[in-house]
Amino acid sequence: IAVMAAFAKGQTIIKDAAELKVKESNRIDIMVNNLANMGCDITATDDGMIINGGKTLTNTVVDSVLDHRIAMSFAIASLLSDGEMEIIGKEIVSVSYPSFFNNKALTLLSTPPLIPTRTFFIQPLPLIIILRIIIIVKH
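Counting the sequence shown from 1 gives a position; this note's numbering is that position plus 4.
These are computed hints drawn from the structure, not numbers from a lab. Every residue, glycine too, gets a C-beta built ideally from N, C-alpha and C. Mixed in with the good hints, there may be bad ones.
Said to hold, decoys possible - Here are the in silico distance ranges between beta carbons for each label pair: (1) Ala-48 <-> Pro-102: 14 to 24 Å; (2) Ser-103 <-> Ile-17: 25 to 35 Å; (3) Asp-50 <-> Glu-28: 34 to 44 Å; (4) Ala-40 <-> Lys-19: 31 to 41 Å; (5) Gly-14 <-> Glu-95: 31 to 41 Å; (6) Asn-106 <-> Thr-49: 20 to 30 Å; (7) Ser-103 <-> Thr-49: 13 to 23 Å; (8) Leu-70 <-> Lys-13: 12 to 22 Å; (9) Ser-100 <-> Lys-25: 29 to 39 Å; (10) Asn-30 <-> Val-99: 11 to 21 Å.
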């Protein structure tokens, strides 16, 4: 959701997601720091983040911290951003989706989709659901 919001025009608020701090990694801090390094206007909150999206992002070096969802999220972000992305530890994706980097659906993401701004009250979604949402919104 954070990656989608980074490309959406306007402000997206993700809240009630404090449990993301105690998963395989602190996903809130990692998403905020890495998206900020890509040029996103993003701020962490106690239980989520505030994202002012719609800017062009620039790929950089991202450390997945061996969290498969972080690696997949930034692989998707890289397809929508300028330059080349290096994802340290991207092989961890094989834990949950061994064929992720061979999925032809990823090539459909060549320009930012038009995603409306929303406030999300979330339970963490599997990345494949988020990918399907992006593809549906794109078409």
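Consistency of the hints with the structure:
no.	hint	in the structure
1	Ala-48 <-> Pro-102: 14 to 24 Å	violated (31 Å)
2	Ser-103 <-> Ile-17: 25 to 35 Å	holds (34 Å)
3	Asp-50 <-> Glu-28: 34 to 44 Å	violated (20 Å)
4	Ala-40 <-> Lys-19: 31 to 41 Å	violated (18 Å)
5	Gly-14 <-> Glu-95: 31 to 41 Å	holds (35 Å)
6	Asn-106 <-> Thr-49: 20 to 30 Å	violated (36 Å)
7	Ser-103 <-> Thr-49: 13 to 23 Å	violated (35 Å)
8	Leu-70 <-> Lys-13: 12 to 22 Å	violated (33 Å)
9	Ser-100 <-> Lys-25: 29 to 39 Å	violated (20 Å)
10	Asn-30 <-> Val-99: 11 to 21 Å	holds (18 Å)
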